[in-house]
Amino acid sequence: MTKSELMDTMYQALRDQGKQEIYRQEVIMAVGLILDYCARALAAGERIEIRDFGAFTLHTIAAKAGRNPKTGAPVDVPEKRSVHFKPGQAMRRLVNSQ
Numbered sequence: 001m002t003k004s005e006l007m008d009t010m011y012q013a014l015r016d017q018g019k020q021e022i023y024r025q026e027v028i029m030a031v032g033l034i035l036d037y038c039a040r041a042l043a044a045g046e047r048i049e050i051r052d053f054g055a056f057t058l059h060t061i062a063a064k065a066g067r068n069p070k071t072g073a074p075v076d077v078p079e080k081r082s083v084h085f086k087p088g089q090a091m092r093r094l095v096n097s098q
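Every letter in the sequence shown is one number past the one before it in the numbering used here, and letter 5, counting from 1, is 5.
Simulated from the structure, these hints should not be mistaken for lab results. Note that this is a predicted model, so its numbers are computed, not measured. We put the beta carbon where it would ideally sit given N, CA and C, even for glycine. Heads up, a few of these hints could be off.
Now the in silico label distances, taken between C-beta atoms and shown as ranges [said to hold, decoys possible]:
id	residue 1	residue 2	range
1	I28	E79	31 to 41 Å
2	N68	E5	35 to 45 Å
3	L58	G18	19 to 29 Å
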């Protein structure tokens with residue numbers, strides 16, 4: 001699912017629930033704000049936990065010595081951070097029941 005598909009699905013679900021006063025632009029803005037906040041929180045080193053969905057955390061990958069596969073020359077690979085997602089219990093149950 002892409003970001004635009006998520007927004008369209010949420011907009012249609014709200015309309016199906018009788019929320020006729022909600023506009024597509026409001027849904028687009030709300031989804032954008034949520035995703036932007038999550039990205040900024042992770043960049044600041046915070047952990048994001050959404051109950052029954054899962055938790056996003058940062059993992060640090062240590063610097064290491066690598067090599068250029070084309071030339072074989074040694075290359076220093078700097079330390080970097082990676083986002084890790086651990087699904088919540090309800091999410092695991094839902095995914096495994098399908």
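Tested hints:
Checked against the given bound of 31 to 41 Å, the beta carbons of I28 and E79, roughly 36 Å apart, stay inside it. With their beta carbons about 39 Å apart, N68 and E5 fall inside the hinted range of 35 to 45 Å. Range check, L58 to G18: about 40 Å between beta-carbon atoms, so the 19 to 29 Å window is missed.
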